[in-house]
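K.L.:
If you're matching them up, the sequences are chains A and B in order.
Its first residue numbered 1, the first sequence is counted upward by one per residue in our numbering.
Its first residue numbered 1001, the second sequence is counted upward by one per residue in our numbering.
Keep in mind that the hints were calculated from the coordinates and are not lab data.
This structure is a prediction, so every number in the text was calculated from the model and none was measured.
Glycine included, each C-beta is placed from N, C-alpha and C at the ideal position.
Treat the hints loosely; a few may be bogus.
Claimed, not checked - Ranges between beta-carbon positions, derived for each pair:
1) Asp1030/B - Gly125/A: 53 to 59 Å
2) Gly106/A - Gly1037/B: 14 to 20 Å
3) Ala49/A - Lys1131/B: 14 to 20 Å
4) Gly107/A - Asp1023/B: 19 to 25 Å
5) Lys1033/B - Asp228/A: 54 to 60 Å
6) Gly72/A - Glu1084/B: 45 to 51 Å
Stated by the list, open to error - DSSO-like mimics (lysine-lysine), calculated; alpha carbons at most 30 Å apart, straight line:
7) Lys1144/B - Lys230/A
8) Lys1117/B - Lys251/A
9) Lys251/A - Lys1111/B
10) Lys267/A - Lys1117/B
11) Lys259/A - Lys1090/B
12) Lys1033/B - Lys267/A
13) Lys56/A - Lys1070/B
14) Lys259/A - Lys1080/B
15) Lys286/A - Lys1111/B
16) Lys1111/B - Lys1131/B
17) Lys1131/B - Lys241/A
18) Lys1090/B - Lys161/A
19) Lys1111/B - Lys259/A
20) Lys251/A - Lys1070/B
21) Lys1090/B - Lys1117/B
22) Lys1090/B - Lys267/A
23) Lys1080/B - Lys1056/B
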Amino acid sequence: MVPGSLSVKKLLVALVLLAALGAAGFWLLTAPFTYEALRGAPDVTVATAPNLENGKTLFYAGGCTSCHAIPGQDDRTRLGGGLGLQSPFGTFYAPNISPHPRDGIGGWTVASFIRAMREGVSPDGRHYYPAFPYTSYQRMAAQDLADVFAFLKTLPPVEGKVRDHDLPFPFNVRRGLGLWKLAFLDGKPIQPDPAKSAEWNRGRYLVEGPGHCAECHSPRAFTGAIVDGKRFSGGPDPEGKGFVPNITQDKAGLASWSKNDIAELLKTGFTPEYDAVGGSMAPVIKNTSQLSDADRGAMAEYIKSLPAVASPPRPPKKAE
Amino acid sequence: MLRIIIATAAIAIGATAVVAQSDVIAQRKDIMKSVGGATKDPGAMLKGEAAFDLAKVQKSLATYQDAAKKMPALFPDNSKTGGETTAAPKIWEDMAGFKAAFQKFEADATKASAEIKDEASFKANFPAVLKNCGSCHESYRVKKS
């Protein structure tokens, strides 16, 4: 017997044990129930009668239709999904969220809908990718989410499941998202700030919650999370085309815009110079144009209050 | 009026063909700026910030028609990049759709020009013309700042 062989064997056993422990730890940490155990179960208490009008408003504020409506057709209420969303991690395909009982969300309970929106977890306990902006939707009140769910149920059911996301390893391991959520999802709905006006609070709710403006108007770290302290300062288009503008009060942002200018953009899509916004903002305007003047004014009030943050550095220009 | 517009457009198209390759990116930017500038007056009227003025509205519509005629010729294959262009690659992938978008813009502006006689018909017809701006930019323009 060679003297060293025992220690090698021991080492191997230790490694196997460690790997098993690591796997168990990963399994435990990434389990959807762990997130819930650490953050607390979401408040799913809702009144019996949903407010469909409120649900419709928040449906448009939330921009659901921009990703989930079937691409290439005009009916924005046919939520059969299928739109491809390119990202540095691969291509995500928006699922069917029409009330179809088998292929959509027709068989869901209101509690499972609220969990999906707040915790990014499916009724059968799988993590959703944060391309679905639950990092913002988690700010919404349970009653509001129940109203959105009730409104979704009034839309036409669409048959057909959408294809799987097209993601390379390791991003195709959904369990890994459990760790991501522990790091970047806090599960806290917005609480009104009593020191601020009702209008500002309404605007903050719409912008930070359903509107999920920061999801595109902020730079992201390599983890895919928004860079701390750079929220709303713009950044490279996550879809890889061009640059999303800074919407803070920085001079490169909206410092020179009045509250009315911002509200008008949300209504008509025109800047004060009568440039019509394009790209991914064009579908956003289709949604915000459905809101009331009061809600657009509130969003503008809140956006006008965002402290100036310098834009992140531009990506180096490609040689032409 | 119509004759002047057609004449202007005809001259513009001829002139465009001659200088097409010189600096098409700068030209198309200037035209887009002229469209934005032409929208200021009717925009303020729509918001109720300015009094309705038929002559100004018709002038803006003429600028739109003119721009819609000139623009499609300003995107040769050698102008995909450079000059800080915000033209999206989709223009060259879907040139037919891009040209059709300008034809629709021109047709909508022409129709509005014929139908707008007073403030009521202005408010009824002008917004449909403006919809062209956003729908075209959605597909064919990339924001870079």
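K.L.:
Please list, smallest to largest, the hint numbers that this structure does not respect.
P.N.:
Going through the list in order, the structure violates hints 2, 3, 4, 5, 6, 8, 9, 11, 13, 14, 19, 20, 21, 23 and respects the others.
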